Amino acid sequence: MPQSTLQPAGQAAEAIALLFYWMSAGAVLIWIIVVGLAVYAIYQPGQHNPQTIKRWVIGGGAVFPTIVLTGLLCASLPMMPELQRPAPEGSLEVHVSGVRWWWRITYRVGDEHLVETANEIRLPVGRPVEFKLDSEDVIHSFWIPALGGKVDMMPGRQTRLKLHPTRVGTFRGVCAEFCGAAHAQMNFDVVVMPADEFDAWLKQLTRPTASSQEPDAVAGENHFFAVGCHACHAIRGTQASGSMGPDLTHFGSRPSIAAGLLPNNRDNLVRWITETDLVKPGVDMPAFHAMDRQQAAEIATFLEGLK
Amino acid sequence: MTDATDTTTPTVSYRALRNHILWLLIPPTTWAIHFLASYLTIAIVCAKSETGDAMPIRIAIAVYTLVALGVIALVGWHSHRQHRHGDASPPHDGNTSDDQLRFIGYATLLLAALSSVATLFTALVVLFIGSCD
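Going down the list, the sequences are from chains A and B. By full-length UniProt numbering, the letter at position 189 of the first sequence is numbered 189, and the numbering carries on one by one without gaps. By full-length UniProt numbering, the letter at position 112 of the second sequence is numbered 112, and the numbering carries on one by one without gaps.
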């Protein structure tokens with residue numbers, strides 16, 4: 001899954017990548033001049049002219065860097081207003097809260113209706129999106145390298161970020177501010193889709209989930225409630241309404257589990273339920289080491305069916 | 001009080017020299033005050049403004065910049081004269097109060113150049129960014 005600022009798929013990332021290429025070219029040019037002069041100074045025989053030395057030291061050591069820095073400043077500052085400007089009125093609004101170590105994602109649908117999901121952000125291609133960012137515990141930082149710059153998420157304060165995806169694809173988002181033991185395991189999936197598919201997906205997201213009626217899935221649902229998973233997780237359309245952990249409505253359609261850590265499949269899910277603390281050290285979710293494998297597999301079947 | 005080892009008649013007293021050292025601090029201090037004033041103006045005006053219009057900030061910072069550059073230019077001009085005073089030729093590295101004065105003058109001139117660049121860089125930001133976003 002690409003996580004590179006140099007393979008941009010958004011307007012902001014394109015501007016940042018362009019700036020990077022200009023800066024790299026400038027750095028290479030300056031390096032060649034400096035090393036060239038050093039080689040010349042070493043190998044040129046005889047005494048150097050003091051006047052020339054003075055000119056090179058002042059010109060190359062003070063005047064030239066000032067001109068280069070002024071040029072870079074004048075080239076990069078005009079990029080800032082566009083990157084900082086809020087998305088136009090009526091744009092899609094997505095609230096993202098950083099929680100150790102996962103992401104609470106809330107889509108605003110219509111005027112008031114908010115619909116929650118976790119660790120997965122889907123966006124329409126070619127439309128600006130406004131992100132409202134905050135944190136529920138420590139400072140995190142929200143970064144989708146392929147789409148744009150990063151913005152810190154602070155407890156008690158809302159920051160914002162505008163992104164404008166230009167290319168369909170699946171990308172990776174990360175937490176870019178060290179936030180504790182499992183910081184490196186706090187990632188998320190970003191799926192940029194054609195606008196009409198996105199609209200259909202968002203409509204689907206607002207609907208309560210329909211759980212599978214297969215016997216294994218029904219048994220899994222019973223275990224889910226018996227074990228007490230619903231105390232922390234919500235599944236709209238069922239009795240589960242906890243808000244401590246990620247919302248699991250439509251869990252089955254997510255590409256990954258445990259905040260972008262493992263692909264979403266049966267084996268990984270069973271491992272996550274029974275060895276949570278080994279997969280992600282420091283996580284709040286209790287590990288069910290003593291749970292029967294059959295029982296864990298049934299819970300996994302139930303969760304997979306939530307589409 | 002004069003320097004005992006000096007063979008020529010010094011034209012500068014050590015008291016004057018001490019005052020000149022204080023001149024050395026004026027350009028960087030001017031930059032620091034300009035930076036702080038610009039930062040506080042942006043923070044306060046943007047926090048209180050409802051429209052996010054940055055024109056008042058731009059005007060205020062243009063005024064600060066003109067004042068700061070004026071002060072720095074004045075000190076730079078003064079230190080340039082200090083550096084060039086008398087008819088001695090460089091390098092001004094003798095242990096005499098005259099040479100020390102010339103040296104301080106040169107150092108002040110360089111600091112004034114650096115401070116003016118730093119002040120202009122601070123002002124460039126509001127030239128390019130015209131809103132509180």
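Read the hints as simulated data drawn from the structure, not as lab findings. Each hint should be verified, as a subset may be incorrect.
[Said to hold, decoys possible] If the Cβ cut is set under 7 Å, some of the chain B residues that face chain A in the computed set are:
hint, residue
1, V117
2, L124
3, V126
4, D133
Quick caveat, the model's predicted, so the values are computed rather than measured. Idealized CB from N, CA, C, for every residue including glycine.
> Given B/V117 was flagged as interface, is its beta-carbon under 7 Å from a beta-carbon of chain A?
Replying inline: Cβ of B/V117 sits 6 Å from chain A, so the hint holds.
> Does the CB of B/D133 sit less than 7 Å away from some CB of chain A?
Replying inline: holds, 4 Å
> Quick one, is the B/V126 hint okay against chain A at 7 Å, beta carbons?
Replying inline: Status violated, d = 10 Å.
> Under the criterion of a CB-CB separation shorter than 7 Å, is B/L124 in contact with chain A as hinted?
Replying inline: holds, 6 Å
The structure fails to meet hint 3 from the earlier list, while all remaining hints are met.
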